[in-house]
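Chains as they are written, first to last, in the working numbering: chain A, 2 to 248; chain B, 2 to 248; chain C, 2 to 248; chain D, 2 to 248; chain E, 2 to 248; chain F, 2 to 248; chain G, 2 to 248; chain H, 2 to 248.
Hints may contain errors.
To be verified - Each computed SDA-like pair below joins lysine to any residue, with the alpha-carbon atoms no more than 25 Å apart:
1) G:K15 - B:D85
2) A:K116 - B:A174
3) H:K60 - E:T151
4) H:K74 - E:R162
5) C:K60 - C:V100
6) F:K103 - C:K15
7) C:K60 - F:S130
8) H:K15 - F:G13
9) H:K15 - F:I8
10) D:K58 - B:D85
11) F:K58 - G:A86
12) B:K58 - D:Q172
13) A:K116 - B:V25
14) C:K60 - F:A67
The hints are simulated quantities; they were obtained by calculation from the structure and are not laboratory data.
Number of protein chains: 8
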Amino acid sequence: MNEKELIELLAGVKDGSCPIDRAVERLRHWPQEDMEFACLDHQRSLRTGFPEVIYGKNKSGEQIVAIFKQMLKQGSVVMATKVDAAKAAEVGRFVPEVVYKKEAGILVANIPAEKSGRGIIVVLSAGTSDIPVAAEAAVTADALGHQVETVYDVGVAGLHRLLRQRELLEQAAVIIVVAGMEGALPSVVGGLVDKPVIAVPTSIGYGSAFGGLAALLGMLNSCAPGVAVVNIDNGFGAGCMAAAINR
Amino acid sequence: MNEKELIELLAGVKDGSCPIDRAVERLRHWPQEDMEFACLDHQRSLRTGFPEVIYGKNKSGEQIVAIFKQMLKQGSVVMATKVDAAKAAEVGRFVPEVVYKKEAGILVANIPAEKSGRGIIVVLSAGTSDIPVAAEAAVTADALGHQVETVYDVGVAGLHRLLRQRELLEQAAVIIVVAGMEGALPSVVGGLVDKPVIAVPTSIGYGSAFGGLAALLGMLNSCAPGVAVVNIDNGFGAGCMAAAINR
Amino acid sequence: MNEKELIELLAGVKDGSCPIDRAVERLRHWPQEDMEFACLDHQRSLRTGFPEVIYGKNKSGEQIVAIFKQMLKQGSVVMATKVDAAKAAEVGRFVPEVVYKKEAGILVANIPAEKSGRGIIVVLSAGTSDIPVAAEAAVTADALGHQVETVYDVGVAGLHRLLRQRELLEQAAVIIVVAGMEGALPSVVGGLVDKPVIAVPTSIGYGSAFGGLAALLGMLNSCAPGVAVVNIDNGFGAGCMAAAINR
Amino acid sequence: MNEKELIELLAGVKDGSCPIDRAVERLRHWPQEDMEFACLDHQRSLRTGFPEVIYGKNKSGEQIVAIFKQMLKQGSVVMATKVDAAKAAEVGRFVPEVVYKKEAGILVANIPAEKSGRGIIVVLSAGTSDIPVAAEAAVTADALGHQVETVYDVGVAGLHRLLRQRELLEQAAVIIVVAGMEGALPSVVGGLVDKPVIAVPTSIGYGSAFGGLAALLGMLNSCAPGVAVVNIDNGFGAGCMAAAINR
Amino acid sequence: MNEKELIELLAGVKDGSCPIDRAVERLRHWPQEDMEFACLDHQRSLRTGFPEVIYGKNKSGEQIVAIFKQMLKQGSVVMATKVDAAKAAEVGRFVPEVVYKKEAGILVANIPAEKSGRGIIVVLSAGTSDIPVAAEAAVTADALGHQVETVYDVGVAGLHRLLRQRELLEQAAVIIVVAGMEGALPSVVGGLVDKPVIAVPTSIGYGSAFGGLAALLGMLNSCAPGVAVVNIDNGFGAGCMAAAINR
Amino acid sequence: MNEKELIELLAGVKDGSCPIDRAVERLRHWPQEDMEFACLDHQRSLRTGFPEVIYGKNKSGEQIVAIFKQMLKQGSVVMATKVDAAKAAEVGRFVPEVVYKKEAGILVANIPAEKSGRGIIVVLSAGTSDIPVAAEAAVTADALGHQVETVYDVGVAGLHRLLRQRELLEQAAVIIVVAGMEGALPSVVGGLVDKPVIAVPTSIGYGSAFGGLAALLGMLNSCAPGVAVVNIDNGFGAGCMAAAINR
Amino acid sequence: MNEKELIELLAGVKDGSCPIDRAVERLRHWPQEDMEFACLDHQRSLRTGFPEVIYGKNKSGEQIVAIFKQMLKQGSVVMATKVDAAKAAEVGRFVPEVVYKKEAGILVANIPAEKSGRGIIVVLSAGTSDIPVAAEAAVTADALGHQVETVYDVGVAGLHRLLRQRELLEQAAVIIVVAGMEGALPSVVGGLVDKPVIAVPTSIGYGSAFGGLAALLGMLNSCAPGVAVVNIDNGFGAGCMAAAINR
Amino acid sequence: MNEKELIELLAGVKDGSCPIDRAVERLRHWPQEDMEFACLDHQRSLRTGFPEVIYGKNKSGEQIVAIFKQMLKQGSVVMATKVDAAKAAEVGRFVPEVVYKKEAGILVANIPAEKSGRGIIVVLSAGTSDIPVAAEAAVTADALGHQVETVYDVGVAGLHRLLRQRELLEQAAVIIVVAGMEGALPSVVGGLVDKPVIAVPTSIGYGSAFGGLAALLGMLNSCAPGVAVVNIDNGFGAGCMAAAINR
């Protein structure tokens with residue numbers, strides 16, 4: 002029940018067309034409804050950009066098809082993350098309007114053509130193995146209606162590759178930095194520019210990389226200010242955070 | 002060497018007042034100088050807001066006094082974090098223009114009176130024990146020239162306290178959420194609003210809180226989108242990130 | 002040897018029909034026998050509800066069939082947990098009275114139709130991926146003879162979904178809360194009602210979820226009173242604890 | 002605003018004494034108010050037993066005195082945990098009605114003389130070093146209005162000491178088991194009786210006890226059903242959980 | 002009640018001097034009593050060597066004095082571990098028969114002069130900093146009535162020092178090997194001789210020694226057969242294990 | 002070169018049949034040779050029982066066959082651990098004298114029929130899932146020439162099953178206790194008897210069992226004296242340690 | 002732009018053939034270019050030995066073929082690590098000049114026949130299971146143009162095998178020591194010779210080896226000076242470090 | 002017994018002046034003696050540079066004085082690490098020839114004035130707080146007779162500071178890089194030059210720095226080749242490794 006409906010209800014009370022006890026009944030659960038309403042409202046604002054995201058990893062192709070079909074009725078952007086090629090092909094057979102971003106492992110439909118937001122979201126990756134996570138971040142931000150630039154393979158062991166991108170970095174509104182192994186890239190980027198840096202550790206590495214723990218701890222302890230971190234391999238989360246900042 | 006100086010140098014080469022080998026000599030180390038220059042330039046732009054921060058924990062009062070005196074000459078804001086009351090008093094005797102924000106453990110001078118930025122930075126803390134970290138974030142953002150609102154003690158075990166603040170949350174440009182123990186507050190806040198949420202785990206708790214590890218992991222695994230995390234107890238880092246976003 | 006048998010033995014000693022050395026012999030191992038007896042007795046009382054549970058994960062279908070057949074002779078409820086569909090089908094071919102609860106991965110026979118206990122056991126899950134563990138808890142409590150209500154997908158990132166269930170929560174005698182990722186739901190539930198809350202972390206999540214560690218630590222450090230925790234993915238244990246409380 | 006007030010408001014709308022826009026205004030924030038109201042209501046029911054607990058560790062004696070004075074005005078039970086003897090003496094000078102439970106490190110006032118609840122709460126400790134945590138649990142449950150029995154020093158390396166308490170265990174409604182080192186006692190107790198067992202790991206031990214981690218993991222992996230675990234050294238939490246169960 | 006007493010009881014039943022119900026009463030709690038008896042019996046056999054040990058760390062001098070006085074009445078060996086020099090002096094003033102083994106931090110009385118056991122217990126330490134733990138092991142085994150030889154400072158970085166002790170190692174019945182840092186000594190010793198080796202990691206080291214974790218893991222993963230490990234710094238436990246083997 | 006050969010060499014020097022420089026040459030590397038000799042000697046004494054063990058996990062059937070064939074030439078016992086049924090069958094086709102102990106995953110030949118040693122080695126397991134590790138320990142000790150008794154499924158959640166075995170425990174020279182999950186069984190056994198207890202944690206369990214870490218830490222922190230621990234799932238190591246003790 | 006080009010540019014400015022603004026334009030980005038140039042220069046010097054290495058694990062055979070073909074055009078050595086036999090065969094079909102070092106899992110082309118460097122690089126492995134990592138180190142150093150000697154299976158549980166290699170160790174310029182399980186070998190080697198020792202932990206082991214963590218911690222805490230450590234299983238890194246030292 | 006003495010012994014055997022059995026006796030323990038001799042010989046070669054180092058942390062001033070006095074008799078360099086100012090002053094009173102390097106916490110005597118070695122050892126530190134560890138490395142290498150250059154405060158968040166040092170880095174024979182927090186500096190340095198880089202993590206940082214663990218893992222996972230790591234805060238070890246490389 003929104004404000005207009007509330008006024009109508011009260012008008013009905015006033016003119017007698019709605020008995021008081023019926024009004025009480027409708028208002029009794031307003032808190033929850035309103036809470037829900039508020040959240041829905043909040044979600045609606047989200048929904049103009051993006052309704053809800055399907056975490057595709059543990060779902061069958063069949064399940065993804067079902068959710069896609071239901072969500073596409075609402076006409077808004079729909080997205081499923083962590084979808085492998087086989088599952089994507091299966092979904093594609095039944096939901097032809099879906100596009101598969103292979104590098105990112107994302108199935109998406111209704112990406113907004115118009116981009117909005119304060120500026121460019123730049124996505125950097127340290128190594129070529131980090132690209133899937135970086136692509137997940139980039140496709141997410143793109144699907145949320147933002148302009149995205151990606152630069153891959155600019156790790157700290159070859160600084161000149163990064164330094165060559167300084168102009169682009171200066172233009173960014175937000176920078177997403179994706180790195181595995183020691184995860185040092187966000188510190189270096191954070192020391193070069195005064196933009197908000199979202200650091201994404203990846204599980205790339207072996208031995209004492211401990212599935213991304215080394216990169217995660219490195220990023221959390223960055224000596225550069227203006228760096229915040231999301232979960233290991235969480236390109237999607239980084240894309241959302243960047244979109245929230247760039248709105 | 003900036004562009005104007007470069008043109009003058011080249012003009013000197015052209016008119017013969019500067020021999021080519023002298024020009025080569027001056028240009029030889031330009032990369033580094035320029036790099037330095039670029040960084041300084043970058044730092045200068047930072048410096049209009051904030052020059053450099055003294056990590057006060059491992060420094061003696063005497064050392065802090067010395068750094069403060071040197072930095073104050075530059076007329077910009079100067080700040081030392083993690084300073085206890087005794088050290089603050091010692092510094093205050095020698096650097097009278099310094100203000101001590103006791104709750105935040107921060108010594109600061111030349112806070113800009115004019116606030117700038119896109120909007121309000123809201124700082125929430127889950128418990129009363131988290132206030133020092135929250136205050137560190139708030140004072141940092143304030144010293145960096147941003148408008149800050151703080152709301153303390155709105156942890157998830159009493160949701161109504163948080164829900165009462167929904168209007169303020171809707172007005173925020175960025176929200177810093179500080180919590181120890183299970184660190185659940187950022188997830189709840191991130192589920193209520195579509196603002197960027199900077200989550201700060203604190204070392205408050207005991208036993209399996211493991212010095213903030215429980216809160217840190219909780220925040221990294223937040224099921225709400227638009228949440229990024231800084232180091233345990235790193236109120237300063239959260240304030241910097243918020244300032245970078247709000248610029 | 003129970004008290005009646007002891008009296009008979011002593012009577013035999015008194016009337017000479019049982020020589021003292023034979024009595025000594027029979028009494029010598031009484032402690033162990035009695036201990037065993039006591040335990041059996043205790044187990045018997047358990048058995049009226051539930052005899053023993055087969056942990057199905059590491060057992061072959063053949064082994065499960067054998068145990069089921071032996072235990073079904075006793076006429077009481079029999080249950081095997083962590084059984085996948087293939088194994089369940091195999092067992093079903095040989096033990097037709099068994100029912101397979103697919104969602105919960107549980108094979109069960111002789112579930113008591115009559116429900117007893119102080120009240121309703123409510124099982125909540127934060128996400129759809131947590132449902133198998135939640136279902137394991139629910140089926141366990143059901144098989145132990147308790148009335149169970151389940152509400153799935155009420156995670157903290159959409160509080161309104163939980164708040165809509167407040168009435169049900171108020172009716173519960175015990176609440177089992179199943180959540181992965183940051184595991185924040187038990188804190189929120191524990192802050193809403195004054196019922197005992199059994200928190201079950203799940204291994205759902207990735208990266209720094211560390212196989213459920215994040216959720217586990219979050220739940221152990223819950224800021225809400227009246228919350229206790231079982232092992233990661235241990236829906237069965239939560240169901241047993243709830244049954245013990247609700248007896 | 003409760004239902005009666007709502008009806009009055011609507012009656013005012015009906016009879017024109019309350020203009021619609023004023024009604025809208027009052028109803029606009031109803032959700033939050035109601036939420037708050039609901040929570041307060043919930044808290045009120047809690048408050049009949051127990052209002053709020055002061056975590057005394059990081060608070061000065063002065064701060065504790067202030068909170069005690071404010072809370073005692075409400076006439077209900079007031080309690081501060083983790084208070085050492087010196088701080089307790091300081092508080093006692095200013096708040097004479099307070100009692101100091103030295104073993105438990107708890108300051109408490111207005112403990113209800115009448116005990117209620119379903120049955121006895123039994124508190125066991127494995128070693129003498131675990132007694133402070135066990136006492137914290139016992140005093141908490143006592144202050145919450147429950148009947149408590151304590152048996153200390155019944156660790157698994159001398160089983161006969163525990164077995165001698167079987168009769169008491171059978172009488173319990175809930176059993177709190179406190180143990181450090183390997184934390185094996187809850188498994189043994191959980192195997193002897195079919196009561197809900199709340200396991201409390203303590204930080205007693207050294208080396209690979211890792212501050213209670215060994216006991217915590219041991220308890221979480223208990224092979225006995227009907228065992229749930231609270232945080233390391235969290236006697237207070239165990240007391241609350243036991244009270245919630247015993248209500 | 003031992004066997005003789007049981008026979009007397011049964012004789013009383015037989016001759017009528019003991020009514021059956023009185024016999025039942027006495028026998029009713031036999032299990033527990035017997036359990037206790039059994040345990041006491043077991044403890045008695047222990048007691049001929051050693052009654053019980055006081056863990057001195059968390060106890061005041063006053064408390065240690067009290068326990069010593071009570072235990073010395075039984076005439077057997079009495080021992081308190083982890084006692085510092087100040088506490089030892091305090092105890093010494095009140096319990097003059099006590100001896101303080103400063104290196105081992107052990108207070109002990111009534112050490113048996115006669116040594117028994119299968120052979121010599123050899124205690125090796127890798128570094129000089131490991132000596133307190135090694136001494137704790139040595140004094141414990143000595144107090145338990147075994148012949149002990151100690152060789153300190155024979156770490157693996159100077160193999161010749163160890164190799165010089167080969168003759169002694171060959172004579173040992175058990176070898177206790179105490180080492181911190183990387184904890185490699187037990188592997189080398191275990192590769193030289195076919196005696197049971199008890200490895201004791203110590204908390205000596207810094208950084209990634211993690212309080213003895215490195216040594217502990219090293220010893221648990223020893224490539225030499227015939228090595229078993231006790232807790233970090235647990236010289237006492239190693240002494241007990243050696244005594245149990247050497248009995 | 003043994004002592005006899007040394008005397009012959011010196012005699013050759015004395016009678017001139019061996020020039021001094023040839024003697025120097027032969028003696029130059031004596032240390033190493035002797036070292037090797039000593040070690041071989043040591044190994045030879047081992048070899049009377051057992052020569053060397055093949056860790057079968059990472060080896061192909063072909064490789065195992067080759068090693069077996071070579072080692073069987075020496076006529077002594079030969080053993081390969083962690084061999085699955087398929088590999089065992091493959092080896093069996095080429096090495097007919099080999100016996101496969103399926104439960105233990107051990108291939109063995111030439112087990113000594115005569116048993117020696119001080120007494121019986123008793124192997125206990127807490128659960129049925131722990132049996133493979135327990136069997137590995139038992140077969141190892143048996144192959145090393147010791148008398149072994151096994152009792153499986155006597156976990157602490159049903160104490161009476163263990164207590165029934167007290168007589169056997171009293172007869173043991175060494176007790177190996179195998180347990181997963183919380184690993185509490187060694188503490189209880191260590192509290193019942195004064196025999197050396199070798200505790201073997203297993204990787205049985207899930208969630209916070211962390212692959213045997215919970216059991217390992219529990220056993221290392223055992224409150225019972227006379228307990229030492231080997232690596233997770235290291236039944237072979239426990240068997241070797243028991244054999245070393247029982248020699 | 003190198004110095005010669007700079008002088009030409011300045012000469013152009015001087016003689017007017019290059020207008021100042023064009024010179025400014027070319028010089029504006031000099032830092033980055035120069036940085037890149039410097040790095041390239043640095044890489045060029047590297048390239049004389051070795052251009053870049055393909056981490057083969059996550060790459061398809063097709064991808065490796067493509068990179069090999071491109072890199073082989075430059076005529077220098079090319080190498081891919083962590084390549085299994087199937088992938089190697091696939092690459093071999095398309096890139097015939099490639100050699101597959103099976104033991105090391107390395108594909109390599111253009112290994113320099115001439116060896117350079119200060120001395121021999123000796124590679125030791127503790128066990129046979131550590132050989133793949135040791136071989137990776139050896140092949141890497143060989144491909145980088147150094148003389149390499151390998152000695153496998155000289156673990157600390159049979160010291161004589163190591164001691165027999167003392168002469169070789171004395172001749173080494175650098176020693177790479179590869180060991181899993183407890184990782185004790187580098188300490189022993191470091192105590193025998195005063196050469197730089199590069200320790201390589203391997204993931205060989207099980208249970209509390211925790212994927213190489215035990216070996217890693219052991220090596221980091223080595224009591225021998227002159228030992229430094231690379232990542233778990235990082236034979237390639239050890240080979241590079243040895244080459245850098247031996248240059 | 003060296004070779005000359007062996008020849009004399011054999012000559013004595015030959016000419017009858019030494020009976021065979023006396024020769025056997027003297028030769029019987031040769032292995033050990035020789036081992037010791039070999040090691041001593043090895044140590045002697047070490048000793049020309051450096052005899053042995055006193056780990057000063059756990060030693061009293063008195064103990065350090067005693068060791069210094071004994072070692073100074075040998076005329077070689079003597080060094081004690083981790084010595085605070087108070088202890089240093091105490092030692093200085095009794096051993097006047099000792100010099101205290103305050104920044105490094107090292108007491109040293111007889112530093113060789115002549116420097117030897119292949120080249121310069123460069124020591125870099127990332128932050129000012131890392132200086133004590135860096136200084137420990139520098140003083141150690143200096144005391145071992147090497148030429149050392151130190152550059153402090155060149156962390157990755159201000160790359161230009163490091164880049165300015167490129168010339169010095171190119172001149173180095175070895176580079177020691179000391180860094181806390183995220184420990185990214187070694188990767189950047191390793192990417193700039195092809196010198197062996199010894200990375201030293203420090204315990205500087207807080208929260209998820211976990212006492213240096215973040216820096217340690219970062220360095221172990223460095224994406225730059227030619228980097229090896231020593232223990233957290235182990236400046237001494239890095240100095241030794243650098244000296245071993247530079248010899």
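Broken hints, numbered, in rising order?
-> Violated: hints 1, 6, 12, 13, 14.
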